[in-house]
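Visitor: Those protein sequence lines, which keep their order, are chains A and B.
Each residue of the first sequence is one higher than the last, beginning at 1 in the numbering used here.
Each residue of the second sequence is one higher than the last, beginning at 1001 in the numbering used here.
Among the clues, some could well be false.
Quick look at which bits of chain A chain B covers, simulated, 3 or more residues with Cβ under 8 Å [said to hold, decoys possible]:
#1 56-62
#2 159-173
#3 325-331
#4 339-350
Calculated lysine-lysine pairs in the DSS-like style (CA-CA distance at most 25 Å, straight line) [claimed, not checked]:
#5 A:LYS196 - A:LYS291
#6 A:LYS406 - A:LYS46
#7 B:LYS1151 - B:LYS1094
#8 B:LYS1101 - B:LYS1151
#9 B:LYS1151 - A:LYS71
#10 A:LYS230 - B:LYS1046
#11 B:LYS1174 - B:LYS1151
#12 A:LYS196 - A:LYS206
#13 B:LYS1065 - B:LYS1094
#14 A:LYS66 - B:LYS1167
#15 A:LYS250 - B:LYS1026
#16 B:LYS1065 - A:LYS101
#17 A:LYS71 - B:LYS1164
#18 A:LYS66 - A:LYS101
#19 A:LYS184 - A:LYS196
#20 B:LYS1006 - A:LYS66
#21 A:LYS66 - B:LYS1094
#22 A:LYS184 - A:LYS259
#23 B:LYS1046 - B:LYS1094
#24 B:LYS1065 - B:LYS1026
#25 A:LYS199 - A:LYS291
#26 A:LYS231 - B:LYS1046
#27 A:LYS71 - B:LYS1101
#28 B:LYS1097 - B:LYS1167
#29 B:LYS1097 - A:LYS66
#30 A:LYS250 - A:LYS226
#31 A:LYS309 - A:LYS71
#32 B:LYS1151 - A:LYS66
#33 A:LYS66 - B:LYS1099
#34 B:LYS1006 - B:LYS1046
#35 B:LYS1151 - B:LYS1099
#36 A:LYS196 - A:LYS186
#37 B:LYS1159 - A:LYS66
#38 B:LYS1046 - B:LYS1026
#39 B:LYS1046 - A:LYS226
#40 A:LYS101 - B:LYS1026
The set of hints was computed from the structure by calculation and includes no laboratory data.
Glycine included, each C-beta is placed from N, C-alpha and C at the ideal position.
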Amino acid sequence: MTEQYRSRFRTLTDGSDAPPGADHHIFIGPQHPWAEEPAHFIIHLKGERVVEADIRIGFNLRGIEKAMENKTWRQNTMLIPRACGICSAVHQNVYVRLVDKLAGVEDQISERARLIRMFSLEAERIHSHILWYGILAHDAGFDTMLHVTWRDREIIMDIVEDFSGNRVNPALMLPGGVKRDIPKEKADRAQPMLDKLIKQVEYHKKVFTEEASIRNRLEDVGVLTKEDAKKVTPNGPTGRGSGLPFDVRKATPYELYDKIDWNLVYYNEGDILATTLVRLDETLESLQICKQILEQLESTQGELLARVKQRIPEGSYFARGEAPRGEDVHYGIANGTDTPERYKIRAPSLGNIDATLKRMDGEYVADMPVILRSYDPCFSCTNRVMIINEVTGEKMILNQDEFARKAIKAKKYNRPFF
Amino acid sequence: MSDVLKELEGILNVTLPGNLVEEVIKVEEGHFDVMSNVTNAFELMKILREDAGIYHLSTISGVEKDDEFNVCYHIQHRIEDEFREVPINFIITKIDKNKPKTPSMLEFFVAADYYEREIYDFYGIYFENHPFLQRLILPERWPDDVKPMRKEYGWEQIKEITMKITKEGLEEAK
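My request is simple: use the sequences and hints to build the entire structure.
Guide: The structure is reproduced here in structure tokens:
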């Protein structure tokens, strides 16, 4: 297995340990320390084709796991959403479920509190997916779509702000329940907005499936077959685009996902278009779940917050949740005091890196921006690319826009990249 | 214990030899903890990977106990027809604190590479037969002997080291 994936076991950044046959090396990143998940990709090329791809990570270690061991369980409720900028609600949800289980209060949480938690999760999935395919369109050179999607994304952002007071970090959940209620007048205000967004997302889907210019950039690009996917174990939409039909909401149902009517989305093609369609269909599913939740909230009553003691009894629990990018994994150990003994977080993007490197094998360099985007890496860090010509030693430094522009031109006019 | 072991064997459709398994705990319906020690872990994982066909590794966590280290492999048994997963926490116990060493599972899971290197960084646990056990996450200037997630290093100490290496880096840049 190690021979097959040996690209990972290279570290030198100057390309001197490049694979035989490679004549150009592209270095992408590492980038601004305030960006989420900065990563350094090294792509070895032979002519226009990728021979191998490599990655270095770890440029943004903030020590959240260590910090959590020094704070109380209650304080950590507000620290944990900061693990990720855009999927903050799902981190908080997995955390509060873990604490509920360890404290033994999971039976006391009312249906209403669970519905409000689910609404927060689904709203987050909607805005994250819309953001992602907007940027994908931008990377593929279709800027109009970027503006259209981001305009429509504001609808769900307004709803989240109305319900929680914040745009991207709703922080609605606490161990034992939720902080805020969703009153009836707010739910009534949100219903027509959701209807409007459903129409818009249906239109986005039509553009991605019928508009030839974008479809050609995505179809049959970076194919990850099911056999390969089983080896590199992607999770979330990346895996579901390659025919692995696993979603934590279905696989091990949490909250009330087993009582709500929704469909699992998966495609077997494995190319970038398939992962895009998974996200588009999931957005529609999530919107319809949101509508169901708001309808059910009218008839469901209950206490919002159950009492949880400060000291959590000894024990360990492994909790998972379906984040917009894939499975979010937490493992917590309690020692009977009010601080955790150990808390482990694995955010979904780390599990998808292997799959993305595998996708690049043998692809055109012009497809790289799209493939890199495919696993939704919170990747505001592609903004500088250096290309070194091995024969002449000539260096060329491009920012992300120039790199994308060159890639678009090469694809459009069928010209060489360099 | 034997009832739980039988239930797990029924789900996985394999026999797990009693001498390899230390303990099996049922956390909740369809969620198990499997404990094994350092000597038997590789054999047991081989059965789980090759006979039971478990291919998904969610993550690996390192755990520091009073007198030993534990390494926990969070694997998922997938039942594709039912879209269902059975989470199994595969816990390797009795890792010596003075010379922490455990077999690498890279042969079974490609994804194990990053997670094992992360634990090597944070806890200094050495994974045998890992072909490229090198620093993954900690900064280049970080002192080799400081393993930040161990309990002996407090939050303040970690802060001091971080400030020190940042200053060094800034001075060198001048």
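Visitor: For this structure, which hints from the list above don't hold up?
Guide: Violated: hints 2, 11, 20, 27, 28.
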